Amino acid sequence: MSRLTEERTLRLTYLRYELRHRWWQALATAAGLAVGVALVITVSAAASGTRAAQAGVLGSLDHAASSNAAAATIGGAVATASGLAADLGTWVAAAALIASFAIAILLTLASVTRRVREFGTLKALGWPAREITAQVLTETATVGIAGTLAGVTLGFAGTALVSALGPTLTINVTALPSFDPAPKAAPGALGHDGSVPVHFSAPISPGIIALAVALGILGTLLAGALGAWRAARLSPATALSRVG
Amino acid sequence: MYTLTGVTRIYRKGSQTVTALAGVDAVIADREWLAIQGPTGHGKTTLLQLLGGLDRPSSGTILLDGKDLGAMNEAEAGRVRATSIGFIFQTFNLIPTLPAAVNVELALAPLGLEAAERHSRVAGALEAVGLTDRARHLPAELSGGQQQRVAIARALVKEPTVVLADEPTGNLDESTRDDIIGLLESLWRDRGLTLVIVTHDSTVAARAVRIGQMRDGRLLFDGTAAAGGAAAAGGEEQP
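Here the protein sequences come in this chain order: A and B.
Numbering-wise (the working numbering), the first sequence opens with residue 1 and increments by one.
Numbering-wise (the working numbering), the second sequence opens with residue 1 and increments by one.
Calculated from the structure, these hints are not laboratory results.
No experiment lies behind these values; they were computed from the predicted model shown.
Beta carbons: idealized from backbone N, C-alpha and C, even for Gly.
Honestly, I wouldn't trust all of these hints.
[To be verified] Covered, in the sense of this in silico footprint (three residues per stretch, anywhere, with C-beta under 8 Å from a C-beta of chain A), are these stretches of chain B:
| hint | region |
| --- | --- |
| 1 | 70-79 |
| 2 | 88-96 |
| 3 | 185-197 |
[Claimed, not checked] From chain A, some residues computed to sit far from chain B (all C-beta separations above 12 Å):
| hint | residue |
| --- | --- |
| 4 | Leu-10 |
| 5 | Ala-31 |
| 6 | Ala-94 |
| 7 | Gly-120 |
| 8 | Leu-125 |
| 9 | Pro-128 |
| 10 | Thr-142 |
| 11 | Phe-156 |
| 12 | Ala-232 |
I would like the entire structure built from these sequences, with the hints used as guidance.
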């Protein structure tokens, strides 16, 4: 085997024991990322669901009376409300993402700090900085990928829960003034009493999954790069003199 | 062989400066066993770190077999450590999550050896320190003396020419200390190592071929700063 392959083999052995004996630290980091990724998926899907519900309500109003001033006013209010909900969801998702990145980065840096003497020892053994960097990146990437995959799974579960618990809105358009269901009522759109059900669901699109996975990988890379940079630039003498 | 000329190491912290080494001149011959004693804070560990290329002097030269360790960058010094210098620490510095054999194997990572060669060398090193049956044990499952034996195996597995030990028996009881020093002595003899031990313990120092005293950042032999280590060592017992 080539030298690089041999180095990789030993690095993976190191990784295997690290994960086995420091599993709770790895779990905490992975869980932080997983929660962020899951929230991004769930909130994004819920925002899509809100927009779909909005379209459903507006469609019903349109069926009822597209030229009616009251319908236009109500439609505007619905659009504003759903827009606010979607905006709020976006902010919640962004906050969750930042929090999860911060957790992953802080836990990775804490791990590097705790292992300063270990990295100092590796340097004393002659390990080049690139090899220590690769070790930290391998560990962080493994944890990050596991956290991202767990987050995607949790995201599916979260959106299923939101869809299951989401309300079904019933729009009663007969209450609108000048309602005349006959001219524009599409078959099946309105009930005999002028009401239309609008089901709320949170659909997951491939785009949402791609976004969440990309963000999870970005968080992992950020955490790994910062941790590896910190480990690699340690002076061996300073690292070895660290107590504990 | 080490040749140290005018080695100083000054640490700066803000406006304050601390002179850890104040012009050390010394020669450490091949296959010599040198013990360095002295009070805490007089530069023993700093000198050992410079001998190991873990730190660089503020001025002066540290030649190891003709190459100036002090002028090397970290990558170059790392290569010298990987191939030629073994370290033994007071606190063992084993990686707590790795079994003894993997701890030893880590010293071979920079050499790019094939797995079979690595495993053969690790088995040989653990056998040399009498720990073949502890290869799969984690450091926490070993006694202090056994942990230091693993650390000695890790220092020796790369087949270095120099072993630097910083208070190797500082955390051990007397009986274990004697075992460890006996082991180091036999390995020094059998393998023709250059062995430099920093120690507070006069019993340990008395086993060495030559004793140097660190005082205020200077290395003294028999009360005087001396550069004639090789000549002094030449008449001493050699392996």
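Is the listed coverage of the region 70-79 of chain B by chain A valid when you require three or more residues with a beta carbon under 8 Å from a beta carbon of that chain? This one holds; 4 residues, not fewer than the three required, reach chain A with a Cβ under 8 Å.
Interface exclusion of A:Ala-232 relative to chain B, criterion Cβ beyond 12 Å: 10 Å, violated
Would you check whether the claim that A:Pro-128 is not at the interface survives, using Cβ distances to chain B and the 12 Å cut-off? The claim breaks: A:Pro-128 does not keep its Cβ more than 12 Å from every Cβ of chain B (closest is about 5 Å).
Status of the stated non-contact between A:Thr-142 and chain B (beta carbon gap over 12 Å): About 15 Å separates A:Thr-142 from the closest Cβ of chain B, which puts it past 12 Å; holds.
Is the nearest CB of chain B more than 12 Å from the CB of A:Leu-10? 5 Å, violated
With d taken as the least Cβ-Cβ distance between A:Phe-156 and chain B, does d exceed 12 Å? It holds; A:Phe-156 is separated from chain B by about 34 Å at its closest Cβ, greater than 12 Å.
Cβ separation check - A:Gly-120 to all of chain B, threshold 12 Å: At roughly 8 Å from the nearest Cβ of chain B, A:Gly-120 sits no farther out than 12 Å, so the non-interface label is violated.
Does the no-contact call for A:Ala-31 survive, Cβ to all of chain B over 12 Å? 20 Å, holds
Far enough from chain B: is every CB of that chain over 12 Å from the CB of A:Ala-94? Fine: 36 Å to the nearest Cβ keeps A:Ala-94 off the interface.
Chain A over the region 185-197 of chain B, status - at least 3 residues with CB closer than 8 Å: Three-residue rule not met by the region 185-197 of chain B, so violated; n is 0.
Are 3 or more residues of the region 88-96 of chain B near chain A, judged by a Cβ distance of less than 8 Å? Holds: 4 residues of the region 88-96 of chain B have a Cβ under 8 Å from chain A.
Please confirm whether A:Leu-125 is truly not at the interface, meaning its C-beta sits more than 12 Å away from all C-beta atoms of chain B. 5 Å, violated
Of the hints listed earlier, those the structure fails to meet are numbers 3, 4, 7, 8, 9 and 12, in rising order.
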